[in-house]
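**Student:** Top line first, the protein sequences correspond to chains A and B. Under numbering that gives the first Met the number 0, think of the first position of the first sequence as 0, with each following residue one higher. Under numbering that gives the first Met the number 0, think of the first position of the second sequence as 0, with each following residue one higher.
Hints were generated in silico from the structure; no laboratory data involved. Among the clues, some could well be false.
Calculated from the model, a selection of chain B residues having no Cβ within reach of chain A, i.e. all distances over 12 Å [stated by the list, open to error]: (1) Glu99; (2) Met118; (3) Thr133.
Calculated from the model, a selection of chain B residues having no Cβ within reach of chain A, i.e. all distances over 10 Å [as the list claims (entries may be wrong)]: (4) Leu95; (5) Arg108; (6) Asp120; (7) Arg128.
Taking CB as the label site, the calculated pair distances span [to be verified]: (8) Thr28(B) x Arg6(A): 34 to 44 Å; (9) Glu82(A) x Ser131(B): 43 to 53 Å; (10) Lys107(A) x Ala36(B): 45 to 55 Å; (11) Lys107(A) x Ser109(B): 39 to 49 Å; (12) Gly30(B) x Asp93(A): 14 to 24 Å.
Don't be surprised by glycine CBs; every beta carbon is placed ideally from N, CA and C.
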Amino acid sequence: MAKSTPRVKFPKSVEANTPFTVRTKITHPMHTGLRRDRDGKPIPRWIVNSFTVRFNGEEALSVALEPAVSSDPYIRFELSLPESGLLEFEWRDDDGSIYSLSREVAVK
Amino acid sequence: MAPTRRDVMRLGGFAAAAAMLPAGAAADTNGVAGAIAAFTKGARALEAGVSLDVPEIADNGGAVPVRVAAEGARHIALFADANPNPGVAVFSFGRLTPPEATIRIRLARSQNVIAVAEMADGTFRKASRQVSVTVGGCG
Numbered sequence: 000m001a002k003s004t005p006r007v008k009f010p011k012s013v014e015a016n017t018p019f020t021v022r023t024k025i026t027h028p029m030h031t032g033l034r035r036d037r038d039g040k041p042i043p044r045w046i047v048n049s050f051t052v053r054f055n056g057e058e059a060l061s062v063a064l065e066p067a068v069s070s071d072p073y074i075r076f077e078l079s080l081p082e083s084g085l086l087e088f089e090w091r092d093d094d095g096s097i098y099s100l101s102r103e104v105a106v107k
Numbered sequence: 000m001a002p003t004r005r006d007v008m009r010l011g012g013f014a015a016a017a018a019m020l021p022a023g024a025a026a027d028t029n030g031v032a033g034a035i036a037a038f039t040k041g042a043r044a045l046e047a048g049v050s051l052d053v054p055e056i057a058d059n060g061g062a063v064p065v066r067v068a069a070e071g072a073r074h075i076a077l078f079a080d081a082n083p084n085p086g087v088a089v090f091s092f093g094r095l096t097p098p099e100a101t102i103r104i105r106l107a108r109s110q111n112v113i114a115v116a117e118m119a120d121g122t123f124r125k126a127s128r129q130v131s132v133t134v135g136g137c138g
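Okay, chain A solo, but in the shape it has when bound:
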């Protein structure tokens, strides 16, 4: 199985308590469980079912995903940070894998 690659983008310089845009994406087929392969066999459901963002351990955003989310799930949101700290992003896969990324953010 191809490994999923998560990506996160946000501005290099962010100001305290000012919302900035965060763009996230993870490569994943997001099989709905409804399709069939070339031989007519059903392809089992296999999706990323949750996405969570934490800042210094505090949950900032969580998203529950259903098969109706496009492949390579793309989620964009706004974030405003009171201080510098650690941003953690976590995607949970149906197969039990957890994909994560973390970024130190220094606010001005």
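Based on the hints, put chain B in the right spot on chain A.
**Tutor:** Showing chain B alone in chain A's frame:
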């Protein structure tokens, strides 16, 4: 008892009436009403205070961008009323995230996208947009 001609005509009349219902009028084919009621725990959602941006025409149903925002919301759930399953995604916002998000979703065919927001005071708001899909995006 064999059906009489009158019975058959009556059945036909029902079928015709059902077929004439406009597409937007509560044609609950995938259980979306139940899914929304489960999210709101049966409470009514006021049709106000939720901004939902979806293209009117989506060429590719496999990736339709949806932006939703609702000032004062804690959770926002997205539904689609003619996909194989009604649920799409549920967002939960914290202290650090204004209640606004964009996600790309699959739409099997032309249908309504519905956003339901649970506000901080426990009430619910909603918005709905019709999307015409050129090429469907579900298996």
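**Student:** Among all the numbered hints in the text so far, which are the ones the structure does not match?
**Tutor:** 1 and 4
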